[in-house]
Amino acid sequence: MRNVAIISVGYNDRFVAKRPDVNIPEMIQPAVANALKKTKMKHSDIGVVVEGNMPTFEGINYPHLWFSDHIGAAGKPVLRISTGGTTGMSVFHGGYYCVASGMFDVAMVIGWEKHDEGDAQVGLMGIVLPEAFSLFQFGPDMSGGRGGGMGLLGGGGSTGGASFQALSYLAKAKGTPEHIDKMAAQARANAAKNPYAHLQHPNCTAADIAKTPMVSYPLRYGHTCPASCGACVMLLVAEEKVKKFADTDRVAWVKAVATASSDGTTGNLVDGQITDPAEQAICEKIAAPKAYKLAGIQNPKKEIQMCEVYDGFAHQELMWPEKLHLVDNSCKAIDEGRLAIDGEMPVNPSGGVVSTNAIGASAMVRVAEASLQVMGMAEGGHQVPRRVKNALAHGWGGLFQFVTITIVGDEPVKR
Amino acid sequence: MDRKVAIVGYKQTKYSEQNENPRERMTYELVKSLFQDLKITRDDVDTFIISCSDFQDGRTISECYMIPWIGAYMKDVSKVDSDSANAVLYAMMRILSGNYNTALVVSWAMGGSEFRSPRVMEYELDPIYERPGRLINEITAAALQAQAYMAKSKLTEEQLASIAVKNLRNGARNSLALRKKANATEKDVLASRALSLPLRELHAYTPADGACVMLLASEEKAKELTKNPVWIKGVGFCQDTYYLGERDLVKMDSLQKAAKAAYKMAGITDPARKIGVAELSTTYVSQEPIFAEAMGLIPKNSGPAAASKGWMEIEGKIPVNPSGGPQAANPLTVGGLIRIAEASSQLRGEAGEHQVKKAPKLALAHGQIGMAAQHNVVFVLGN
Amino acid sequence: MDKKERKETRQTKDTLDMSLFKWRIEADGLELLVQGFKEKKVLGRKCHKCGTVYVPGPSYCRKCLIDIQDVVEVSKKGKIACYTVGLADVRGNPVEEISVSVQVKFDGSDSWMLGNLEIDDWKKVYVGMPAELVLREETNGTLADIVCFRPV
Amino acid sequence: MAEHKIVDSRVGLTFMYNYRVGESLDRYLDGLKSKKILGVMCPECERVLVPPRSMCGKCNTKTKKWVTLKPVGTLKNFTVSHVEIEQGEIKDREKPIIIGQVKLEGADSLLTARIEGISPKDVKTGLKVKAVFKDTTEGTLQDLDHFEPVK
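Going line by line, the protein sequences match chains A, B, C and D. According to the working numbering, the stretch in the first sequence is residues 268 to 682, in order. According to the working numbering, the stretch in the second sequence is residues 181 to 563, in order. According to the working numbering, the stretch in the third sequence is residues 7 to 158, in order. According to the working numbering, the stretch in the fourth sequence is residues 1342 to 1492, in order.
To be clear, the hints were calculated from the coordinates, so they are not data collected in a lab. Careful: at least some of the hints might be erroneous.
Unchecked claim - Below, simulated DSBU-like cross-link-like pairs (lysine-lysine); rule was C-alpha separation at most 35 Å, straight line:
#1 A:Lys557 / B:Lys219
#2 B:Lys334 / D:Lys1469
#3 C:Lys19 / D:Lys1346
#4 C:Lys69 / B:Lys184
#5 C:Lys69 / B:Lys212
#6 C:Lys13 / C:Lys28
#7 A:Lys552 / C:Lys69
Since this is a predicted model, take the numbers as computed values, not measurements.
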């Protein structure tokens, strides 16, 4: 297998709520330019482009067709991958396989979302619409009171599902909603050190978060992600071409990629739900062990110096490091400050998804941020102080049912 | 690339206006029947690559509820959001990397019963110029392409109709086809409803419900699983500029480049002689000579000769779409995968009534998306 | 970081009308469930190969990828696997009537079922709390037969 | 085969989208408002693109120089369209329309436009055409109503 290195990361600009000045391809284009700028590569050196987003959020089918000229894809092979929340990392994995397969020497991967053009809340409902509405055929009680029918429907929404997951997790970890407040506060404070983050709240405290309204117990507004506009671009090259194209001595080597999917773990209304949304065996038992094996990592807690997890909701920033075998008990760890940028297992120094969520980009941003940490190039004070030899990036998606993992490091795996 | 990838098995549904089953069971039955044929279980599949479309399924992340139905519960899965030929391509690259030995490609769409394809395809247009402009859609884009080709090559309307007749006739020999017209004539085609001239209803694809699944494997694994693997000899893919007014609709740069890459990988220099059969995603029949020329299967501007001399008939010198192609049935995103399956069955001599006579050694399969085929994928297969 | 001045450009609009889609879904599990309600039973399907019990019970097992037919009755009693409490509306305003949504794993089943929990004080709910499905006095084989879950 | 319970479901829900046209098209629409057709030039290949956009994909370069094009050109390609698509249904038009690809003088790309003032039977490529604007323009794409033969 060929080794693949990440030699550059580009964002279009700071992630923000609204970009009324540009259309979608115009928003993405600077990210492409910024990624290329940090290399010795010309645009013509790019062999393949892999792109993805959540297509119903902007109402554009196969949007890569439109962007051809803006992302430098005209006349090039282009592959489009879209897998819900994991899209960004699935796209990255696509780029990785384009190079690892030997088909291409250079791949450019693009993840993006422009949330101000559509309605993500309605878009998310689109996951469960046919299933939820098929329940009407079975005569649920529609009086809106405590009848079972509406209860059946109510659990399908995204925040509803996340709340179930949060409580199931807290019960297992013996944590409290205050732990989620703490985690969210750390994320927002970290985001203030990341010039590209959307919701920045310097010195945010758990008390600040606890003041935000409760959405659905135990989750508060302060625990949930914003809807952001932005794009992330990364350049991947084959080992033989690293010297030629990289403009830095410290590139990030892709040591492992892994993914797994289960059934919908919430809102599986028609076929029965047999999986606990807070169990995530797909991560703990399948994808994470596979990734560690591929990367040659025996003791992740010691060998990995930081992680970027996909935390659409703040409790997930506690849950995922446990499922990834990086932390034994995150509630305890956050109490002891071990998840901070200068802690023993820094989680989301970038501020995470809970601070910035351009959905199609978010899981790629995790890999980008992990790579920047390995390259020592995280800007604005969110660089982890100790040397990052190995970093882990994670994404989740669907009805809490997809997981993607990427491990990057400062040395290639010897194969 | 030190590995080789083979197609070891595939299954298609019968195409229909409405499948007897919803998409879940339709695909589930297909996956199970492929597993049965190959004597494998879902545990033998290392990775699943899905090709489906949120706009065709009318759902956000439309694979969510399908994961367990295709046997991918607790398995390695990804989804290509493009024509399914791209999914085969991705599955192949995953195997080439050495990370996987087998990959199952799964694609479905309810193009006949659940959605209206012309509306779905409007979402492929940019929302700020072409969509509000209301002039360009899949039909008018293909019509402009057809018109440009006819002006250049002097292909007549009768000759264009004869290509439609050929595909409808081929479709009648394909037991899975939806639109079958064994006795269609040029006159019928020319009398069919005018869409956007020169294109008429009988030139167009037939929206259908359907699914297709295909198992790919590494060389070693393929030899374990089947006696007659079909080898992926070459692949190429490419995308043009979006803007119709800046594309040479006849020359088709992207298809030309895709084919060139595929031939290079397969080590072919004279495709016209080497390729024995081609299955092309021609959503409108006018694309048949255009694509064939762009891929070097017939000489430039030879569409008229090809049509009048029957070069692309099942018995012709370069049979194109013996299955009837998308005119016989087109479950949109499944299209490219069907073409690959059909090309494979020709190589294996398993195409039955629509088998080409001379057992071909090399076959070509093609998938595309976009207005006037902006994005193209080309596969060269051999046995 | 300073907010940048951004020039507003014109807008175009479009919609995606979901009513253009005609979905069909196989709902064998729901059908079985509501049929069971007629006899005040909770019915699911059990995989004859791996033993997994699904409620609602579809006609296939996702673990074994095989058709399954065996109908089993499961207890109406189970444990709350997780829950959430609706305290505010979408704008963050407190709601008049607080609702507790629960997912209950019935004893003898592998599935979690969604519903509302009837309880005087939501703070008493905990994960692992025993609860029971309450059906109407007179059931007619619809989802409206479900009244709620109640703590046991 | 076992019988399965199949339910149909339809939902009366609509996803709404509001798209920003971005800087280049915004300026183009400003032009249409004052009855001018603007193009933009790529500094490398010197192609003049209309409708304008911010990037030339051929050279991967930002387009820069704006030019006002003469509202006259040549019909390069066309189709006589008998149908239109309405919510996915292919409906016959009352009267077929001519959709043409027009090469404006000084432009390197073709502009898609409706051609009027000539019957579908007589229309031919090579026809000289001129732009006809709506009397009152509003800065929308519809301001450039159609092209018609130069008399």
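Each hint tested on the structure:
no.	hint	in the structure
1	A:Lys557 / B:Lys219	holds (26 Å)
2	B:Lys334 / D:Lys1469	holds (22 Å)
3	C:Lys19 / D:Lys1346	violated (39 Å)
4	C:Lys69 / B:Lys184	holds (31 Å)
5	C:Lys69 / B:Lys212	holds (13 Å)
6	C:Lys13 / C:Lys28	violated (41 Å)
7	A:Lys552 / C:Lys69	holds (16 Å)
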